[in-house]
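**Student:** Take a look at the letters that make up each chain.
There are 2 protein chains.
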Amino acid sequence: MKEVINIGLLGFGTVGTGIVKILTENAGSIAQKVGAPVVIKKILVRNPKKARGSKIDADIVTDAAEVIHDPDIDIIVEVMGGEQPAKDYMLQALNAGKHVVTANKDVVAKYGRELFAAAEKNHVDFLFEGSVGGGIPIITPLKQCLAANQITEVMGIVNGTTNYMLTKMTREHLDFDSVLKEAQAQGYAEADPTADVGGWDAARKIAILASIAFGTRVSLEDVYVEGITNVSLEDVDYAKELGYVIKLLAIAKRDDQGISVRVHPAFIPATHPLAAVNDVYNAIYVKGDAVGETMFYGRGAGSLPTASAVVGDIIDEARDLQNQVSSRILCTCFEQTPIYSVEHTESPYYIRLLVQDKPGVLAAIAGAFGAQQVSLHSVIQKRKVDHYSEIVLITYRVLDANLRLAMSTISGMHVVTKIRSVIRVEAEEID
Amino acid sequence: MKEVINIGLLGFGTVGTGIVKILTENAGSIAQKVGAPVVIKKILVRNPKKARGSKIDADIVTDAAEVIHDPDIDIIVEVMGGEQPAKDYMLQALNAGKHVVTANKDVVAKYGRELFAAAEKNHVDFLFEGSVGGGIPIITPLKQCLAANQITEVMGIVNGTTNYMLTKMTREHLDFDSVLKEAQAQGYAEADPTADVGGWDAARKIAILASIAFGTRVSLEDVYVEGITNVSLEDVDYAKELGYVIKLLAIAKRDDQGISVRVHPAFIPATHPLAAVNDVYNAIYVKGDAVGETMFYGRGAGSLPTASAVVGDIIDEARDLQNQVSSRILCTCFEQTPIYSVEHTESPYYIRLLVQDKPGVLAAIAGAFGAQQVSLHSVIQKRKVDHYSEIVLITYRVLDANLRLAMSTISGMHVVTKIRSVIRVEAEEID
Numbered sequence: 001m002k003e004v005i006n007i008g009l010l011g012f013g014t015v016g017t018g019i020v021k022i023l024t025e026n027a028g029s030i031a032q033k034v035g036a037p038v039v040i041k042k043i044l045v046r047n048p049k050k051a052r053g054s055k056i057d058a059d060i061v062t063d064a065a066e067v068i069h070d071p072d073i074d075i076i077v078e079v080m081g082g083e084q085p086a087k088d089y090m091l092q093a094l095n096a097g098k099h100v101v102t103a104n105k106d107v108v109a110k111y112g113r114e115l116f117a118a119a120e121k122n123h124v125d126f127l128f129e130g131s132v133g134g135g136i137p138i139i140t141p142l143k144q145c146l147a148a149n150q151i152t153e154v155m156g157i158v159n160g161t162t163n164y165m166l167t168k169m170t171r172e173h174l175d176f177d178s179v180l181k182e183a184q185a186q187g188y189a190e191a192d193p194t195a196d197v198g199g200w201d202a203a204r205k206i207a208i209l210a211s212i213a214f215g216t217r218v219s220l221e222d223v224y225v226e227g228i229t230n231v232s233l234e235d236v237d238y239a240k241e242l243g244y245v246i247k248l249l250a251i252a253k254r255d256d257q258g259i260s261v262r263v264h265p266a267f268i269p270a271t272h273p274l275a276a277v278n279d280v281y282n283a284i285y286v287k288g289d290a291v292g293e294t295m296f297y298g299r300g301a302g303s304l305p306t307a308s309a310v311v312g313d314i315i316d317e318a319r320d321l322q323n324q325v326s327s328r329i330l331c332t333c334f335e336q337t338p339i340y341s342v343e344h345t346e347s348p349y350y351i352r353l354l355v356q357d358k359p360g361v362l363a364a365i366a367g368a369f370g371a372q373q374v375s376l377h378s379v380i381q382k383r384k385v386d387h388y389s390e391i392v393l394i395t396y397r398v399l400d401a402n403l404r405l406a407m408s409t410i411s412g413m414h415v416v417t418k419i420r421s422v423i424r425v426e427a428e429e430i431d
Numbered sequence: 001m002k003e004v005i006n007i008g009l010l011g012f013g014t015v016g017t018g019i020v021k022i023l024t025e026n027a028g029s030i031a032q033k034v035g036a037p038v039v040i041k042k043i044l045v046r047n048p049k050k051a052r053g054s055k056i057d058a059d060i061v062t063d064a065a066e067v068i069h070d071p072d073i074d075i076i077v078e079v080m081g082g083e084q085p086a087k088d089y090m091l092q093a094l095n096a097g098k099h100v101v102t103a104n105k106d107v108v109a110k111y112g113r114e115l116f117a118a119a120e121k122n123h124v125d126f127l128f129e130g131s132v133g134g135g136i137p138i139i140t141p142l143k144q145c146l147a148a149n150q151i152t153e154v155m156g157i158v159n160g161t162t163n164y165m166l167t168k169m170t171r172e173h174l175d176f177d178s179v180l181k182e183a184q185a186q187g188y189a190e191a192d193p194t195a196d197v198g199g200w201d202a203a204r205k206i207a208i209l210a211s212i213a214f215g216t217r218v219s220l221e222d223v224y225v226e227g228i229t230n231v232s233l234e235d236v237d238y239a240k241e242l243g244y245v246i247k248l249l250a251i252a253k254r255d256d257q258g259i260s261v262r263v264h265p266a267f268i269p270a271t272h273p274l275a276a277v278n279d280v281y282n283a284i285y286v287k288g289d290a291v292g293e294t295m296f297y298g299r300g301a302g303s304l305p306t307a308s309a310v311v312g313d314i315i316d317e318a319r320d321l322q323n324q325v326s327s328r329i330l331c332t333c334f335e336q337t338p339i340y341s342v343e344h345t346e347s348p349y350y351i352r353l354l355v356q357d358k359p360g361v362l363a364a365i366a367g368a369f370g371a372q373q374v375s376l377h378s379v380i381q382k383r384k385v386d387h388y389s390e391i392v393l394i395t396y397r398v399l400d401a402n403l404r405l406a407m408s409t410i411s412g413m414h415v416v417t418k419i420r421s422v423i424r425v426e427a428e429e430i431d
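So the protein lines, in turn, are chains V and S. Under this note's numbering, the residues of the first sequence are numbered 1 to 431, in order. Under this note's numbering, the residues of the second sequence are numbered 1 to 431, in order.
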């Protein structure tokens, strides 16, 4: 048994500060659980003169090698964020025989394979609970508690910024640009909001979740990504009227042939458990052959929630160190399941069109859909806008490729003024 | 590394059948995760002639000792249910140096201390994820993922039968007796429904959850229990009108002085995450100082969901066996925190009274409340019933003891015909 578990912290920003706070304030109970105190020995920072909120006992250093190669340090915790130099530091640490804990979704999603291989080669652990869903326990539940299951579906609201925005559009009837400005003012959205509103942050997270859930490596480039920039207030209103809610979903599904992994806005039934997940909250819904439907809910970001997950991993690793065991749970990507391109996925669709207000238009549009085997579940001919009519359609479950062909025909029809929205419907069987 | 992990199964009912099904159907992926096949070697049954649904390779035996003392068996899985002989068998297995996995809430809630002590003495593990919340991962998340936190609150819908009944009362406007009959017809409620509707099943589960969350042993007798038998359709209607939902909650809270653990029906705001948990689904809401609010949702009972949790524990233990480690996570009840009696707990209350329809009655009642420091947040004087009036009150946050004194005075007032309902309000700050 070790008398103390020494941590080397790479990065001292939002999450790093949270980690220091938790390890200080809850030092007593953590030491009881581990059987030894867990202490941060060194912290790597860029600028050692920058004022820190709390008094720190750790050595503040600017040379990563001083942390990574300190023989007294057992676990390297990377919370710098960004791809580089974070990835190189983690790789160096693994190759130096250190266990690594990270909350870095960018690196895990992009370089997961390489890092896991390095961990395995060096008989050390690589833990990353904090990389998805902030404080929500999801990686460990998937790897341990639900290990008995064949997971068939993971569907998550994993980006707090866009969920905050969509919640505000729905509740306060504000348009996209206004809620984006408000989210930026509140600090929920960055000055360049592309990673969030473009769906890229969610894409990284679903790549990580899909890899674990399905036991096959899914990378960022395997994920089909659509953001929420085209979601309008009108769509939010129609969703409500039709008994749905619009959410930015990160979806991974598996069937006998392969896997589909995608991020896009979607209509989900207002009664679905994910529909009640609002504001900056995240939730991950998981379907397994034994457990059925299950869901994990909580704060998907922030200093203390993310630090909660990171320190959870630290405690897990510290318990292993105390038992002189490592690599209890290795990389579980045993399979090489093919990944569908989005054209081969199926779902019902919500479509909103602006058309000329004259007889025969609806018949012509229905004909174009029919020619591509797209059947219509319901048609709402709604508002008159000057000389135009707005038509809202919900299709039955159709192949994405067929819908694309139909929409291409429709967009070329002279009676069709504008295709306003094309949004998938999820979590409902319309077939 | 073992070439095979042998299981001895005690009991072959609903959950046992599910375990056999999972270990058979998902044998390949489970063997990959563990590094060796996980095989049921022997099954203890009462009546070996009783037809079984599936073809079984395991030996069917009627003598428990044959399973418990089989030197090839590494893990004993107890799914017989009930207190005895399940508890004795588990104790014998632990003392024989076997790891034990169980889904038996009765035994864990009542004899947890003794079983943990036996596990610790014999350097083996005692795992019980399936004992609370069926397939929902909650014990492992509390012991591992959230280990960084000081947990301050656990609030769960942990009994599927009563949640089904309350959901049906709310949605279909049926009274208690009708929904109970329907639940019995559906197989969701037993012929003697006392354990469920009386709150005792939930009480066992919250005793287990509180012990883990707060690191102090909480037994069934520490839990204050009120069932749902007095919840009427009128209360369900008032709840809806006032923006609440009635749920049977299992609550454990900690503050600086101690712990309160209780099961009772409660009004919760319709916007609370637990309010959307309907039918037979369960959910456990957990609040920690670092993670903030988090929630775990899924099927709280049933053959495959519960078996999912049990097999998850089996895989966990098998991974430990492959790494020749045990007791990685021991009993975490380090504390001996005092437990409040219910009189020392505080909450707002919903109260429904039938009173005489004449001047000054409300003033008299308000006076009786005021004399015990019970302040009223809102008063609805609603229906006339013959010569009587129905008064509905919501109090501010008050001490339970004070409310009891006030209700005692009020019940003795000649203008008060009947105290119809007294239900706590939870998860809302009315103070």
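Since the hints were made in silico from the structure, they are not lab data. It cannot be assumed that every hint is accurate.
When chains are identical, the list treats them as one kind, so a pair holds in a single copy or across two.
Once the Cα atoms are required to be at most 27 Å apart in a straight line, the calculated BS3-like pairs of lysine-lysine come out as [stated by the list, open to error]:
{"id": "1", "residue 1": "2", "residue 2": "121"}
{"id": "2", "residue 1": "358", "residue 2": "50"}
{"id": "3", "residue 1": "287", "residue 2": "21"}
{"id": "4", "residue 1": "2", "residue 2": "41"}
{"id": "5", "residue 1": "49", "residue 2": "110"}
{"id": "6", "residue 1": "50", "residue 2": "121"}
{"id": "7", "residue 1": "358", "residue 2": "384"}
**Student:** Work down the list of hints and note, for each, if the structure agrees.
**Tutor:** Now the hints, each set against the structure:
no. : hint      : in the structure
1   : 2 x 121   : both (24 Å within a copy, 22 Å between copies)
2   : 358 x 50  : neither (68 Å within a copy, 72 Å between copies)
3   : 287 x 21  : between (35 Å within a copy, 17 Å between copies)
4   : 2 x 41    : within (15 Å within a copy, 38 Å between copies)
5   : 49 x 110  : neither (33 Å within a copy, 56 Å between copies)
6   : 50 x 121  : neither (38 Å within a copy, 51 Å between copies)
7   : 358 x 384 : within (11 Å within a copy, 58 Å between copies)
In this structure, the earlier hints numbered 2, 5, 6 are contradicted, and the remaining ones agree with it.
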